[in-house]
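Colleague: Start from chain A and add chain B according to the hints.
Taken in sequence, the protein lines are chains A and B.
Mapping to the UniProt record's numbering: the first sequence position 1 is 1, numbers consecutive.
Mapping to the UniProt record's numbering: the second sequence position 14 is 14, numbers consecutive.
Hint data in this document are derived by calculation from the structure and do not stem from the laboratory.
Small disclaimer: the values here were computed from a predicted structure and weren't measured.
Hints should not be assumed to be uniformly reliable.
Stated by the list, open to error - Simulated coverage check for chain A against chain B, where a stretch passes if three residues somewhere in it have a Cβ under 8 Å from a Cβ of chain B:
| # | segment |
| --- | --- |
| 1 | 65-78 |
| 2 | 81-94 |
| 3 | 177-190 |
| 4 | 246-258 |
What the hints assert, rightly or not - Below, simulated DSBU-like cross-link-like pairs (lysine-lysine); rule was C-alpha separation at most 35 Å, straight line:
| # | chain 1 | residue 1 | chain 2 | residue 2 |
| --- | --- | --- | --- | --- |
| 5 | A | K153 | A | K215 |
| 6 | A | K153 | B | K11 |
| 7 | B | K11 | A | K170 |
| 8 | A | K238 | B | K11 |
| 9 | A | K25 | A | K101 |
| 10 | A | K25 | B | K11 |
What the hints assert, rightly or not - Chain B is nowhere near these chain A residues, computed Cβ spacing over 10 Å in every case:
| # | residue |
| --- | --- |
| 11 | D3 |
| 12 | K99 |
| 13 | I138 |
| 14 | P148 |
| 15 | Q240 |
Ideal placement from N, C-alpha and C gives every residue a C-beta, glycine not left out.
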Amino acid sequence: MGDLLYLYGLIPTKETTEQSFPSFKGFDNERELYPIPVGDTTAIVCNLDSGEYSEDSIKEKINNDMQWLQEKAFHHHETVLTLSKAFTVIPLKFCTLYKNKDSLTQTVQSNQAKMESTFELLEGNEEWNLKIYCDDKILKEQVSENNPAIEAKRIEINELPKGRQFFEKKKLDKLIESELEEEKNRVSEEIHFQLKEFVLQGNVKRNWSKDVTGKDENMTWNSVYLIPKSDVEPFLEKIQQYEKEMKEMGWQFAPSGPWPAYHFSSFS
Amino acid sequence: MSTVRETIENKDIGLIDILDVILDKGVAIKADLVISIAGVDLVYLDLRVLIASVESLVQAQQGNRTINSADFDQQREALTDATGQPNKWQD
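Next comes chain A alone, as it looks inside the complex (with noise of 0.2 Å):
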């Protein structure tokens, strides 16, 4: 049987005269990756055996073999991270593959538009991500003694007869619950319109469980910006000052990048 290919990003056709494609492993861990020109822009794939990788196999892995689908993840975000270094890439979905070379170059062509206004957009700029966490303990404590509703309450609530102070108090802690959310978007919020004086573009992400993060730290905020190179450096000095000031509240700020521009290459 023939090749498949596999695109792991397309990049500016220009940017690839300026310099020499560096050598990588492919997704088999045998094969390199190389340049498909088309037209003005260049797509960065690898030849994949299509017995070994038929969809039905790549279903199969992806659902039952989890060592599997980690080190092939790591392989395509570490491939497209590397380009994103030197190039201007758009990354591609994990396992996108093409039977040929021709179906490959017409889907390009026939995208040729949007991947120029989405190079525009990405050159010379970098995406980042944020993720605030928030130790609710010491944020609570701050809540509850600082919010005068709360504390009126607590007032009502030492007034009143025992029994009733029982089911007046499970109250209160619901109150100052919803007083607590309501004081971390309040300041995540106010830290992300803060921010955006640095970006081009920013993204608010949904929040990742406990179950997910592996903290004892709620997350409270998690987006991605799209920033000029230039002002990445004095964008994370600003977060590296909120840590300062903000850690001893319980706040935790976890910056990562640069990513690969997924979350800004959007064709739709």
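Modeller: What follows is chain B alone, placed relative to chain A:
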């Protein structure tokens, strides 16, 4: 003195961060083989990632000893329970 950037750039990235982007956010253009992981639910994915990490944790804690499968099963059940997902592993 290294810049803030250099410090952060060299930090290890977790598998879950990578899967989150390459399965969900990488550009999807028309391909011949569509390896879509139908409705990748982060929670479901996490369960598998967690199991993998528990596995390696158990290995690390026990040094060269073989993994105690009863322990592992127990942890796996706890995780399945915690995420509220159906158990996809047959005992």
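Colleague: Please go over all the hints and tell whether each is borne out by the structure.
Modeller: Outcome of the hint check:
Counting residues of the segment 65-78 of chain A whose beta carbon lies closer than 8 Å to any beta carbon of chain B gives 8, which meets the minimum of three for the stated coverage. Figure legend: the segment 81-94 of chain A, annotated as covered by chain B; annotation consistent (5 residues with Cβ-Cβ distances under 8 Å, at least 3 required). Counting residues of the segment 177-190 of chain A whose beta-carbon sits less than 8 Å from any beta-carbon of chain B gives 0, not enough to reach three: the coverage restraint is violated. With 4 residues having a Cβ less than 8 Å from any Cβ of chain B, the segment 246-258 of chain A passes the three-residue criterion, so the hint holds.
For the hint linking K153/A to K215/A, the alpha-carbon distance of about 33 Å falls within 35 Å, and the restraint holds. Taken as a hint, the K153/A and K11/B pair is broken in the structure, with Cα atoms around 46 Å apart against an allowance of 35 Å. For the hint linking K11/B to K170/A, the alpha-carbon distance of about 43 Å lies beyond 35 Å, and the restraint is violated. In summary, the hint linking K238/A to K11/B is supported, as the alpha carbons are separated by about 19 Å, within the 35 Å threshold.
Straight-line distance between C-alpha atoms of K25/A and K101/A comes to about 19 Å, which keeps the hinted pair within the 35 Å bound. Straight-line distance between C-alpha atoms of K25/A and K11/B comes to about 23 Å, which keeps the hinted pair within the 35 Å bound. Separation of D3/A from chain B is adequate, the least Cβ-Cβ distance of about 12 Å exceeding the 10 Å criterion. The claim that K99/A is not at the interface with chain B is violated, since a C-beta of that chain comes within 10 Å of its own (minimum 4 Å).
Distance check for I138/A against chain B: the nearest CB is about 25 Å away, which clears 10 Å, and the non-interface claim stands. The claim that P148/A is not at the interface with chain B holds, since no C-beta of that chain comes within 10 Å of its own (minimum 38 Å). Its beta-carbon lying about 6 Å from the closest one in chain B, Q240/A breaks the requirement of being farther than 10 Å from that chain.
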